[in-house]
Amino acid sequence: MSAQASAVPDDIKLRLVNAGKRFGGSAGTQTIAVRDFTLDVRRGEFLVIVGPSGCGKTTVLNLLAGLERATEGSVTIDGRPIDAPGPDRGVMFQDYALFPWQTVWGNVGFGLAHGPAGAGLDAAARERRVRDCVELVGLAGAEAKYPHQLSGGMRQRVALARLMANEPDVLLMDEPLAALDAQTRMIMQDELLRIWGQDRPAAQRRTVVFITHAIDEAVFLADRVAVMTTHPGRLKAVVDIPLSRPRGDATRGHPQFQALSQHIWSLIRDEAQRAAVT
Amino acid sequence: MATSNPRTPLPSRIVMAAIDMSVSGDLPLGIATSLGRVFAGFAFAAAIAVPLGLAMGAARAVERNVDPLIETFRPIAAIAILPLAILWLGTGTAAAVLIVAYAAFFPIVVNTLAGAKRIPPTLLRAAATMGLSRFTTIRTIIVPGALPAIGVGLRIGMGVAWTAIVAAELAVGAKAGGGGSGGIGQMMFIFYAYSIELNRIIVCMIAVGLVALLLDRGIRTGMRLLMPWGVA
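Chains as they are written, first to last, in numbering that gives the first Met the number 0: chain A, 0 to 277; chain B, 0 to 231.
With the rest of the complex left out, here is chain B (with noise of 0.2 angstroms):
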C-alpha cells in the first residue's frame, strides 16, 4: 500500500503531529518567536512606509525623486538581500527583521502613495478655499482619504511578512547548519533537511496560514475601527 511509507502525508498523521507538536510546546515556541519578528519587521516597515507615501502623495517633488528609487528597489526579492542582511547582521533575529521590514516596505508604500494620489481633487480645492495650511491639509484630508489604501497596503504588506519570513528562516537555519535562530521556518528547515518529517512541515505550512488569517482579519477590525465612516 502506499501509505506505508510513514513519511507520506496523511490528514490523520498532520493531526497527529500537530497534536505532539503543539503540546511539547514546540509549534507555539516556534510560531510565537516567527510572530515576533514579523511584529517587528512589520511595524519598522509601516512606520517608514506610511509616512514617505503620504509625503510622496502630497508633493510632487518627493514623489518625482523617490518613486524611481522605490521601483528599483521593489522587484529585487527580499529573499536576494539575505546574504548582505546575513553578512551585517548575523544569522539571528536581527537579520530577519530586515527581511520583513525589507519585503512589507513596498506594498505598504505604493498603497499608500495610491491611496493618497486619488483624493478627489475637489476636496483639495475645498480645503484650499477654507484656508487650510498645507500640514493641516495632510492631516485632515489626505491621511483620512487615504486610509482605505493604506489598510490594503498594511494588509498585503503582512502578508510579504509572512512569506519573507518564513523564507527568511528557511534560508537562515540553512546557513547556520540547523541550529540558529528559531523560528517557523527553521522548524521547517529542520523536518526538511534533518528528520525529514513532511507531516509536520505540513502542521507549520497550516500554522502559518491560520495566523496570518488571524492577523488579517486583525488589520480589517483595526481599520474599519478608524474609518468609521465605511464608505471603503
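Chain A with its partners taken away, still in its complex shape (with noise of 0.2 angstroms):
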C-alpha cells in the first residue's frame, strides 16, 4: 500500500494521499474532519470504511465523490485529480435522495434521462437497461409508485437501482442500510453482494467504496475493511478479509468471520467506549 506521488499501478482505482479535510475558516474554530488519510482502493475491490459514528466516514466519501474538496493532500481516481462531482462515481446517499417526484422508473431512469449516462442510448436501450435494474433490485411491478408510497427497503432498493443503472465505474455507499430492521438488512447485505457480481471473475466486478458502523456487515461484504478512528478522522488499520465468495449465510457463521469481526471491534473498542460516554 505505497504512496507514492507520481504515476499510479494500473490496479489502483482510487487514490488518497495525506487527504485532510477541515472545516470553517479562522484556525481557532476550525474543525478537523479528516487529518492524514492514506489509502488505495484497487480496481475491482469491495473496500468497506468502519468506524464510530462522528470519525469523519461520509467526510472520506464525499472527498471520493467530489462533494468536498481536501483541504490537504490530494485524492485521485486513475490518476486524475478528483475535484467534483462525476458519473463515473455514483452515490447511493444514507436518506437514498430519491426524488419525490418522480415514479420508481422516474428515478431509476433519472440519470439516463438527464444526465451523461444515457448518452449514445437511444429509447428503446434506456428502457431496457431500467427495466434490467429495476428487475435487478426486485422492483418489478412497482414501477408506476412514487417513493412516498415505498417501505424503506423498498427505497433503499430504489437507490440501488439508480446507482447501477447509470453503470458508474465506481460506487460509493453511504451507510445504505443503516435504516433498515435487522432482518431486511441482511437479505439486502446478500442482495447487494449479488447484485454487485461477487459470482463473476474480480476483473469484471465494480469498485465500491461503502460506508458502516456495522463491524459484522463490513466483514460480510469487504475485500479489506478500512477502520477509522476519531477526532480528528484518521485510518487506523487496513483489515484484509480473505473468507471465499460467493458469500452467504454460511459465511456468517463461519469461525474466521467470528474472529475478523472480533479483531476490528478490538481495533475500535476503546474509541467507541469513548464516543460513548462523551
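The hints are simulated quantities; they were obtained by calculation from the structure and are not laboratory data. Positions of the beta carbon are idealized from the N, C-alpha and C atoms, including for glycine. Be aware that one or more of the hints could be misleading.
Selected chain A positions facing chain B (Cβ under 10 angstroms, derived; list incomplete) [what the hints assert, rightly or not]:
| hint | residue |
| --- | --- |
| 1 | L66 |
| 2 | G89 |
| 3 | Y95 |
| 4 | A96 |
| 5 | L97 |
| 6 | P99 |
| 7 | F109 |
| 8 | A112 |
| 9 | G114 |
| 10 | P146 |
| 11 | R161 |
| 12 | P167 |
Derived contacts from chain B toward chain A, CB cut-off under 7 angstroms, selection only [claimed, not checked]:
| hint | residue |
| --- | --- |
| 13 | T121 |
| 14 | L122 |
| 15 | R124 |
| 16 | A125 |
| 17 | A127 |
| 18 | T128 |
| 19 | M129 |
| 20 | G130 |
| 21 | L131 |
| 22 | T135 |
| 23 | T139 |
| 24 | P143 |
| 25 | W228 |
From the two separate chains plus the hints, produce the assembled complex.
Here's what the structure looks like:
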C-alpha cells in the first residue's frame, strides 16, 4: 500500500494521499474532520470503511465523490485529481435522495434521461437498462409508484437500482443499509453482493467504497476493511478479509468471520467507548 | 323600527339586490371586467415572478442583487403606486392591470424563492453526482421541488390580486368621477358615493369573495394535477 505521488499503478482505482479536510474559517474555530488519510482502493475491490459515528467516514466518501474538496493532500481516480462530482462515481446516499416527484421508473432512469449516462443510448436501450435494473433489485411491478408510497427497504432498492442504471465505474455507498431493520438488512447484504457480481471474476466487478458502522456488515461484504478512529478522523488499520466468495449465510456462521469481527472490534473498542460516554 | 331606512342592509334586501343586479346584467358585467383585469395582471406577475424566484433560488448572485430590491418595494402598497399608474396609463384597464400585477408579483416571487431554496441539498448532490448540467438541474430538480411553494405563492397572489383590483377600481372610479372604466370596484364606488345603496355594495363584496374562492379552488386543483406525487 505504498503511496507514491508519481504514476499510479494500473490496479489502483482510487488513491488518497495524506488527504485531510478541515471545516470552518479561522484557525481557532476549525474542525478537522479527516487528517492524514492515505489509502488505495484497488480496481474491482469491495472496500468497506468502518468506524464509530463522527469519525469522518462520510467525509472520506464525499472527498471521493467530489462533493467536498480536500484541504490537504490529494485524492485521485485513475491518477486524475478529483475536484468535482462526476458520473464515473455513483453515490448512494444514506437517506437515499430519491426524487419525490419521480416514480420508481423515473428515479431509476433519471441519470439516463437527464445526465451523461444516457448519452449514446436510444430510447429502447435506456428502457431496457431501466427495466433490467428494476428487475435486478426486485422492484418489478412497482414501477409506477412514488417514493412516499414505498417502504424503507423498497426505497433503498430504488436507490440501488438508480445507482446501477448509471453504470458508474465506482460505487460510493454511505451507510445505505443503516435505516433498515435487522432482517431486511441481512437480505439486502446478500442482494448487494449478488448485484455487485460476487460470482463473477474479480476483473469484471465494479469498485465499491462502502461506509458502515456495523462491524459484522463490514466483514460480510468486504475484500478489505478500513478501520477509522475519531477526532480527528484517521485511518487506524486496514484488515484483509480472506473469506471466500460467493458469501452467504454460511459465511456469517464461519469461525473466521467471528474472529475477524472480534479483531476489528478490538481495534475500535476504546474509541467507541469513549464516544459513548462523551 | 330600525329597519325603516331602506338603505339599511338586511339579508332579504341583499338577496333582492343580488337578483336585480344579476338579471340586469350589471353584476356579471362588472365581475367579468374585473376578472379580465385580474387574469391579465396575475398572468404578467406570474410570468415574471416564477422565473425570477427560481433564478434567485438557483444562483446566489442573482438573489443577492435582486432580493434587496424586492424587499424595498414589497412593503409599498399597490394602491400607493396608483397615482403614477393613472398618470402614465390613464384611468382605464391598463392602470388597473399594472396595479394587480404589482400586487400579485411579491407573494409569488417570495414563495417561489423560498421553495427553490428549501429543496433538500441531498437531492442537488444526487443530481451533481449524476453529472447533470446547471440548466438541467434547474429544470428537473429545482422546478418540481419548488412547485408546492409556487402553488402557495400563486394562491396568495390571486387573493392579493382581488384586493388590489377592487381598491384600484374604487380609486379610479373616484378619480374618474363615476364614469370611466367599469369593473366591480367601480360599481361599488358608485353605490357608495352616488346612489348610496349599501345592500348592493354587500352584493359586490360577496360576489368578489365567491369568485376568488372559485379561483383558489381552480389553482389548487391545477397544482394537484401538476403534482401527481402528492406529497405537498
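To see whether the hints hold, each was checked on the structure:
no. : hint : verdict
1   : L66  : holds, 6 angstroms
2   : G89  : holds, 6 angstroms
3   : Y95  : holds, 9 angstroms
4   : A96  : holds, 4 angstroms
5   : L97  : holds, 8 angstroms
6   : P99  : holds, 5 angstroms
7   : F109 : holds, 7 angstroms
8   : A112 : holds, 8 angstroms
9   : G114 : holds, 4 angstroms
10  : P146 : holds, 8 angstroms
11  : R161 : holds, 8 angstroms
12  : P167 : holds, 8 angstroms
13  : T121 : holds, 4 angstroms
14  : L122 : holds, 6 angstroms
15  : R124 : holds, 6 angstroms
16  : A125 : holds, 4 angstroms
17  : A127 : holds, 4 angstroms
18  : T128 : holds, 4 angstroms
19  : M129 : holds, 4 angstroms
20  : G130 : holds, 4 angstroms
21  : L131 : holds, 5 angstroms
22  : T135 : holds, 5 angstroms
23  : T139 : holds, 5 angstroms
24  : P143 : holds, 4 angstroms
25  : W228 : holds, 4 angstroms
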